[in-house]
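Peer 1: Sequence:
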Amino acid sequence: DRFMRERILAKRIQSDKVAVIPPWSHDDAVNFDPAGREQFRRLHGLEGKFVVMYSGNHSPCHPLDTLLKAAAALQQKQDIAFCFVGGGSEFARVREFAARRRLSNMVCLPYQPRDQIAGSLSAADLHVVVMGDAFVGITHPCKIYNALRVSAPILCIGPKPCHLSEILQETGPGRLSEWAPHGDAELVAKKIHRIRRQWNGHRNGFDATPDPYSRRTLLPRLVAELENAH
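In our numbering, the protein residues as written are 4 to 233.
No wet-lab data here; the hints were simulated from the structure. Model, not experiment: these values are computed from the prediction. Each residue gets a CB set at the ideal place from its N, CA and C atoms; glycine is no exception. Check each hint, because a few of them may be wrong.
Unchecked claim - Okay, derived cross-link-like pairs now, DSS-like style, lysine-lysine, Cα gap no bigger than 27 Å in a straight line: (1) Lys14 x Lys193; (2) Lys52 x Lys80; (3) Lys193 x Lys72; (4) Lys52 x Lys146; (5) Lys163 x Lys14; (6) Lys52 x Lys72; (7) Lys14 x Lys52.
Unchecked claim - Ranges of calculated distance between the beta carbons of each label pair, as one might list FRET restraints: (8) Ala137 x Gln201: 44 to 54 Å; (9) Gln79 x Arg5: 18 to 28 Å; (10) Trp202 x Glu230: 39 to 49 Å; (11) Glu99 x Ser18: 45 to 55 Å; (12) Glu99 x Leu46: 20 to 30 Å; (13) Arg10 x Glu228: 38 to 48 Å.
Between the sequences and the hints, there should be enough to build the whole structure, so can you do that?
Peer 2: Dropping the structure here:
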């Protein structure tokens, strides 16, 4: 994350003392899982839906207000479902938002067991990754790596540029992705509609090529940096 690197260098740390290695995806546990996808969708009433998923920590670092307002705006579109999976300080507020507005198009679930996470993530037709404007270079949007592992389209909500925009640029032109700023729920709803129209269900993932964000790629780099540190 060059934004984190810039923050460190601003503290007058020597540049040759700083190495950037992102956290890796759970490639031992996460790949696209067709059977797990269908089981998860059947269990939670998501069959036949276009599933928009936010999976991970619900915290002030990843403000969800814009996505929640988009879900409320799309509540009459019963073929679009919003699935919030995870926990954190904001998780209760997300559940309260859905309950207060009686949103039948929202499902809120706790963190899933590790042996079921591939099916959970694979159940999404669109993964949403959120970065708070004030947290660029402070927190790292690591949930994007597992979203890439299951090869779903990605909608990012946050400032641009940030590390998310760089990752999506690096992963190539074949990936279906969209971007929206915080505060524009109407635009987020339009982006969801656009991805739904464009995506044909084809999963273009890292199966045929080395995953640059996998444990097997990044762990040796980390070990080498530690061994060469002096």
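Peer 1: Does each hint fit the structure? Answer for all of them.
Peer 2: Hint-by-hint comparison with the structure:
no. : hint                        : in the structure
1   : Lys14 x Lys193              : 41 Å, violated
2   : Lys52 x Lys80               : 10 Å, holds
3   : Lys193 x Lys72              : 13 Å, holds
4   : Lys52 x Lys146              : 23 Å, holds
5   : Lys163 x Lys14              : 24 Å, holds
6   : Lys52 x Lys72               : 19 Å, holds
7   : Lys14 x Lys52               : 49 Å, violated
8   : Ala137 x Gln201: 44 to 54 Å : 32 Å, violated
9   : Gln79 x Arg5: 18 to 28 Å    : 42 Å, violated
10  : Trp202 x Glu230: 39 to 49 Å : 43 Å, holds
11  : Glu99 x Ser18: 45 to 55 Å   : 46 Å, holds
12  : Glu99 x Leu46: 20 to 30 Å   : 23 Å, holds
13  : Arg10 x Glu228: 38 to 48 Å  : 19 Å, violated
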